[in-house]
Amino acid sequence: MATSSSAPSTPAFKLKNINPEEYRQQTRKATWIIIVAFVALAMLLSSLMVMFFGEPGGDNFRLNLAGVATGVFVTAGLVRSIFSKQPWMAANVYGWQLKRSLMSVTNVMHNVKAGVTAQKPEALKLLRFYHLGVMQMHRLEGNTSEISQMVAEVDAHKLHLEELGIDPDQQQLNPDWITSVKVK
Numbered sequence: 013m014a015t016s017s018s019a020p021s022t023p024a025f026k027l028k029n030i031n032p033e034e035y036r037q038q039t040r041k042a043t044w045i046i047i048v049a050f051v052a053l054a055m056l057l058s059s060l061m062v063m064f065f066g067e068p069g070g071d072n073f074r075l076n077l078a079g080v081a082t083g084v085f086v087t088a089g090l091v092r093s094i095f096s097k098q099p100w101m102a103a104n105v106y107g108w109q110l111k112r113s114l115m116s117v118t119n120v121m122h123n124v125k126a127g128v129t130a131q132k133p134e135a136l137k138l139l140r141f142y143h144l145g146v147m148q149m150h151r152l153e154g155n156t157s158e159i160s161q162m163v164a165e166v167d168a169h170k171l172h173l174e175e176l177g178i179d180p181d182q183q184q185l186n187p188d189w190i191t192s193v194k195v196k
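Just remember that this note's numbering sits 12 ahead of the position in the sequence shown, which is counted from 1.
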């Protein structure tokens, strides 16, 4: 019984309208929860290792270090498998996805710029998404000085898109655009 299924394509990332103050508040809260979980795990695991494998009054530094290292791995596993699915982690997960999407564009930026020069619609849209994403990232992180340095380039590109009849509201990263700019 053979089933024919195509490989799942990378899901498109869509920019969300997020209040920067709320974003920073939520990410701080999630960061503190993760820190507390890590500290508790590291202390517990270090204590257990010393209790079961240590020598009373001996040098247990290696066991303590092993407990802390194990705490790092367990915390990372918890973040990846359990915490990332919790509502209090939504802002952090969105931030990670945003940065990951922007990095996927950054990795092919030389191709994007060549495509923009060649007036390829996919490259033009990809650069617009990149501009909107980077500006959002800077707003969310409270880095307004970086935004002011980008305004002229972003506005010029937006005007160019409008002149070509391409919608400048590119709020979604289409993975096919990245594939298309890679093709020479």
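Derived by calculation from the structure, the hints in this document are not laboratory data. Warning: the hint list may mix true and false statements.
Distance windows between CB atoms, simulated [stated by the list, open to error]:
id : residue 1 : residue 2 : range
1  : G177      : I45       : 43 to 49 Å
2  : Q98       : Q131      : 41 to 47 Å
3  : M162      : S96       : 38 to 44 Å
4  : F64       : S93       : 38 to 44 Å
5  : S160      : E34       : 48 to 54 Å
6  : K97       : N119      : 43 to 49 Å
7  : V195      : I45       : 23 to 29 Å
8  : P32       : L77       : 34 to 40 Å
Because the structure is a prediction, the values reported are computed rather than measured. We treat Cβ as the ideally placed atom computed from N, Cα and C, and that holds for glycine.
The hints, checked one at a time:
1. G177 to I45: 43 to 49 Å: Holds - the Cβ-Cβ distance for G177 and I45, about 48 Å, lies within 43 to 49 Å.
2. Q98 to Q131: 41 to 47 Å: holds, 45 Å
3. M162 to S96: 38 to 44 Å: violated, 30 Å
4. F64 to S93: 38 to 44 Å: violated, 26 Å
5. S160 to E34: 48 to 54 Å: violated, 23 Å
6. K97 to N119: 43 to 49 Å: The hint (43 to 49 Å, Cβ to Cβ) is violated, given that K97 and N119 are roughly 27 Å apart.
7. V195 to I45: 23 to 29 Å: Check failed, 44 Å falls outside 23 to 29 Å.
8. P32 to L77: 34 to 40 Å: holds, 39 Å
When the structure is compared with the earlier hints, violations turn up for hints 3, 4, 5, 6, 7 and for no others.
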